[in-house]
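Put together the whole structure using the sequences plus the hints.
Single-letter residue listing:
2 protein chains.
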Amino acid sequence: MPDSLPKIAFIGLGLMGAPMASHLLLAGHEMHLYSRSRSKAESLIAAGGIWYNTAAAAAAKADIVITMVGLPSDVEALYLSSGGLLDRAKPGAILIDMTTSSPELAIRIAEAAAVKGLSALDAPVSGGVGGAANAKLSIMVGGDGDAFARALPILEKMGTNVRHQGEPGAGQHTKMVNQTVIAGTILGVAEGLAYAKAAGLDCERVMQSIATGAAGSVQLNVMGNLMLKGDYNPGFMITHFVKDMTIALQAATANGLDLKGLKTALAQFTTLVDAGLEREGTQALAKVYD
Amino acid sequence: MPDSLPKIAFIGLGLMGAPMASHLLLAGHEMHLYSRSRSKAESLIAAGGIWYNTAAAAAAKADIVITMVGLPSDVEALYLSSGGLLDRAKPGAILIDMTTSSPELAIRIAEAAAVKGLSALDAPVSGGVGGAANAKLSIMVGGDGDAFARALPILEKMGTNVRHQGEPGAGQHTKMVNQTVIAGTILGVAEGLAYAKAAGLDCERVMQSIATGAAGSVQLNVMGNLMLKGDYNPGFMITHFVKDMTIALQAATANGLDLKGLKTALAQFTTLVDAGLEREGTQALAKVYD
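From first to last, the protein sequence lines are chains C and Y. At position 80 of the first sequence (counting the first as 1) the number is 80 in our numbering, and the numbers step up by one without a gap. At position 59 of the second sequence (counting the first as 1) the number is 1059 in our numbering, and the numbers step up by one without a gap.
Take the hints with a grain of salt, since some may be wrong.
Unchecked claim - Partner residues are not named here, just some residues of chain C that face chain Y (Cβ under 8 angstroms, in silico):
1) Pro72
2) Gly213
3) Leu262
In short, the hints are calculated from the structure, not lab data. Ideal placement from N, C-alpha and C gives every residue a C-beta, glycine not left out.
See the structure below:
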């Protein structure tokens, strides 16, 4: 009975947001849509989604408001500006930010939401465009446990590994753990393969010796093989990864940590941004060593 | 017909060498043994191995000489000193160094061996004590192709992933690729989990969110979980890893590379050596961030 399903506002219909919203639409939810450019919403509108000219107008119609935008500054403006989501959402609504953003901002949003009788969850994802398309995202959620329980059936329409990680900000913190692990791993992969190339080895054969052992990782299998092919098309764009690592480093420093590996990875990727390569995939880290 | 099998000298019966030699003994090879302390050889002697008081005396009896010792300086002394393996090995013998050692030394040994009508292979392994015990090592081989072909049936009694990687030194270079990838990966794992702990997250639950996605690796699954348990018993000792990273960094630098991630990992592990923790497992990298 579609009428009994929560009404959803989905804000941000980019490469990730559009397929995520599409799963909810197909599941029968009444979908209220906003994105910076309407063109991104056309196929969802054709399938029954309802378009609004502002994010807040879409949010005003919904029981659940989901945001999937770009930068923490975008998230902050959406939620906390005057006339923004927290001002216009329906009493009792749950607002779920699935953008990878700062834990500190997630906490501020949750506090501001509570003041207004709303619930806010931070629920960043991993799994990329493929995970979004196949509804196989890992979703890491911070915030109130009751709100998580209410949101879970909806989140499970977009992901297969949906976990409540704790208080507000815990979802973002968990994503930062994920990105910190990836930062070191891809650094090792890029440097290992740079070593192999410089030593004149047959890199494909080296991969056959090392990929199944203690050096094995998703980064080695996926990004390592793209590096060897010289295929730098973005699965995950450098500019986004640099944003994430910057947030992680700030949060880690605020917690008294000195993450020298993360700093090194961020510095290496920053040289690629400086070289104008920020829209290539993270596997272009190999170019630092060419 | 055991009599038709090549006679093997096995030099170095430590945690890795003893189980490796045991597979060859069980396969019926006549085994000539030497290790710095005879006590390491007792069970192999009881099973039919023949003990010698010097490495060179053992080598003189064998068609295939295998060395599995500690440092490149040990390898150099064994092979290149006067009255050493190259002086005493039988004409036509194949000498296989399975120690993780320097590519440059492997090249020097291969050249010196050729002058004496001998063949030398560099064949370091990965897979650790477990891989040695189960004969499931990955073995990365450099050196003459014909010598590799002759050695292959013997190497396959110790490993499941035995590959000829190229000229003399290519086996050691491949192992250095492996160690360089691991260095970055374990750095990412340690820093990610340090972040999680400092942020007050439930680290086990974080692991459930991230281990199956893009952050996934053998290092995360194995060493990450040991870090969370606070179990620092060595699967792979810090002192050995520091040796390997030092060799890798020297070889990379000689090839014109600046591997900042590897340098960072080596510096972090070196702080643990300075703190007297060199005999703990590599997962004790977590302690840098405590």
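Verification of the hints:
{"no.": "1", "hint": "Pro72", "in the structure": "violated (17 angstroms)"}
{"no.": "2", "hint": "Gly213", "in the structure": "holds (5 angstroms)"}
{"no.": "3", "hint": "Leu262", "in the structure": "holds (6 angstroms)"}
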